[in-house]
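Number of protein chains: 2
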Amino acid sequence: MIKINENFKKMKPNYLFSNIAKKVAKYQEENPDKKIIKMGIGDVTRPLPKVCTQAMKKAADELENAETFRGYGPEQGYDFLREKILENEYKDLGIDKDEIFISDGAKCDCGNIVDIFAKNNKIAITDPVYPVYLDTNIMAGRTGICKDNGMYENVIYIPMTEENNFVPLLPKEVPDIIYLCFPNNPTGTVLTKDELKVWVDYARKNKSIILFDAAYCAFIEEENIPKSIYEIEGAKDVAIEFKSYSKTAGFTGVRCAYVVIPKTVKGYDENGNVEDLNSMWNRRVCTKFNGVSYIVQRAAEAIYTKEGMKEVKDNINYYKENAKIILETLKECGIKAYGGKNSPYIWLKVPNSGKSWDFFDTLLEKVNIVGTPGEGFGPSGEGYFRLTAFNTKENTIEAMERLKNFLSK
Amino acid sequence: MIKINENFKKMKPNYLFSNIAKKVAKYQEENPDKKIIKMGIGDVTRPLPKVCTQAMKKAADELENAETFRGYGPEQGYDFLREKILENEYKDLGIDKDEIFISDGAKCDCGNIVDIFAKNNKIAITDPVYPVYLDTNIMAGRTGICKDNGMYENVIYIPMTEENNFVPLLPKEVPDIIYLCFPNNPTGTVLTKDELKVWVDYARKNKSIILFDAAYCAFIEEENIPKSIYEIEGAKDVAIEFKSYSKTAGFTGVRCAYVVIPKTVKGYDENGNVEDLNSMWNRRVCTKFNGVSYIVQRAAEAIYTKEGMKEVKDNINYYKENAKIILETLKECGIKAYGGKNSPYIWLKVPNSGKSWDFFDTLLEKVNIVGTPGEGFGPSGEGYFRLTAFNTKENTIEAMERLKNFLSK
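So the sequence lines, in the order shown, correspond to chains D and E.
Okay, so the first sequence: first residue is 0 according to numbering that gives the first Met the number 0, each after it adds one.
Okay, so the second sequence: first residue is 0 according to numbering that gives the first Met the number 0, each after it adds one.
It is possible that some hints are incorrect.
With the Cβ distance kept under 8 Å, some of the chain D side facing chain E (calculated, not the full set) [what the hints assert, rightly or not]: (1) K2; (2) A65; (3) G104; (4) I115; (5) K206; (6) D268; (7) T286; (8) I294.
In case anyone wonders, no lab produced these hints; they're calculated from the structure.
Positions of the beta carbon are idealized from the N, C-alpha and C atoms, including for glycine.
Construct the complete structure from the given sequences, taking the supplied hints into account.
Right, here's the structure in full:
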């Protein structure tokens, strides 16, 4: 008899963004004349750099001719892209080409990486958190059930709130796997090099691993904020890093990302023997994956041309300008807000100590703005609300005007 | 302390095709003047249909402009593609759009599907077999260790050899998960509708599930051979089907496939309650995947145009012509061979009861042809050897000439 993975039952019935999409669709259906401005899901709106689409078309031409046709590529990704990443993202950080694995998305990487770890590792997540880290571990059986307070058994929650200025404190109980995401999703806050070093040292001391999500690193503008965890001394022994082209070059629908696993990062078997995680991941990739689409890898390669870099920078600046508009409006309205400086995300305190889903409903129904309720990111997200800077400038301005008018009533 | 997934240690040290690639690279390095003809890995050589590359370019244009730009698509795939699949592949088979999930490859699907099943399901695989079915279950802890006879503990092996005419017999012990692939990889043999119905009835009776890999269905030319398992009465209650564009439209480097999970296919929880696998897979897809590249899905959609269908048919016929050439040559040489009729794979008996890796070395070194040793597909593959029809016609003819000359010496 075919038996299901019982861990799926531990998951809350619906995925955050599906819930939001349903609420929005229902409201729009009932109010077809309303113009809803979406500042909820972290999807981009700027088109692809031209140099990327040109590269795609050139690749399509290659695939159309028998002489230049390419079939299966390397599961780990083509060298032409891995080399560009090395040169542009990891210069002087001592990373090797074989330590970079190209994938079809950071979501997939963050979800799949847990395959190489034993079930009995204890995970730590910051709270609030990007739901994928937790959900994939629930599915893998690494947690207990969800308690009444919204927290899962056997998971270490590390609060990130106003009270600690969004700098996660070292937990009392030592975790085996530590998820960190900076610039943070959803709060938009960052860690300085010194603050991140505290975690690297802690992981080294305890033989823990840090899964570092750097998907938003391109938004960093301040000197003292690390764009890669490998800028921190000792990180190469204890950290795996995830990066993506989604939020930089607008690849959310194109699908390309990569994960870095230094050969010096080790795991341990049940007898305490050291094991090489880079080799294990390589084995996983070769067994369960067949590489990223050739045309997509060529498009990603083109990001690293002079024109590509310029267009990416322009896009980022465009979104940052939006973030600034949002931050300023919130300040004017007397709403406390965080992030939005080295990040496309603004994390605001719901006015009058309100609940985040109530605020969601109010914004949707009274102002026709969609944001993301903080509670959807974890118990410590309650009372907060996420807005993203990824809409157009025009829409961002309009949304903020509406908000200002509504709040001044 | 970070603990590794110990199951990885149970895997044999190297993946079959990496081993072959290394041997070939070494030989070529030592013999740079030799022209090696590759008939080993199942990669295609015909370029993409023009209508597909045109669709890619059009999609690239859309992504270049803010008005037509698309970000995140539905995790399950775009409706435009799901509807085409329904219309062209599942007409009159009673499949619903929501039962089709677009992915970036059948290898990924076959590997990922096991996430929704409990660890304590017992799997059955035919022997020889496509290594991914077994390897992904080893990683997931569903097997014991590899025994001296090359078989893994806690796995039901179903031999497919000359002795049973490559028709798998029902096993004595009842499996929970049954992997079937027809037209078969590696043997190239097929099952008739009646022969497949035996398995569907067996799965229904025992509440087992059949994971049916139909990646090669486009090669079927005989009426009585099912192109989809859903042609068999009752299959919609017990079968999940995998299909791919890799071997039909030459998408091995483009990456697009799909899995069909009828809502009527059920699993059971530990109390014997019925659970809906379609919903579970949907949850898995939404949590760990972000959809296939938009341009790739547009290219796949174009396969179903009149020109696309014609080009695919031409490609298939091209490969089938190669298969015929191989089969005829082997017959002339007095070598027993199977498959190659409804399939791009030819499964030959190694002459003089030889070992398959010895034959690999002989072919590589004496005839400069690369094939795949049967032993790499499982213990019952020993003594057999796989050749594929995916090379060019010119190379196939040349390879067969060489073989003929060598064997007549």
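| query | Any hints this thing doesn't respect? Which numbers, in order? | reply | none
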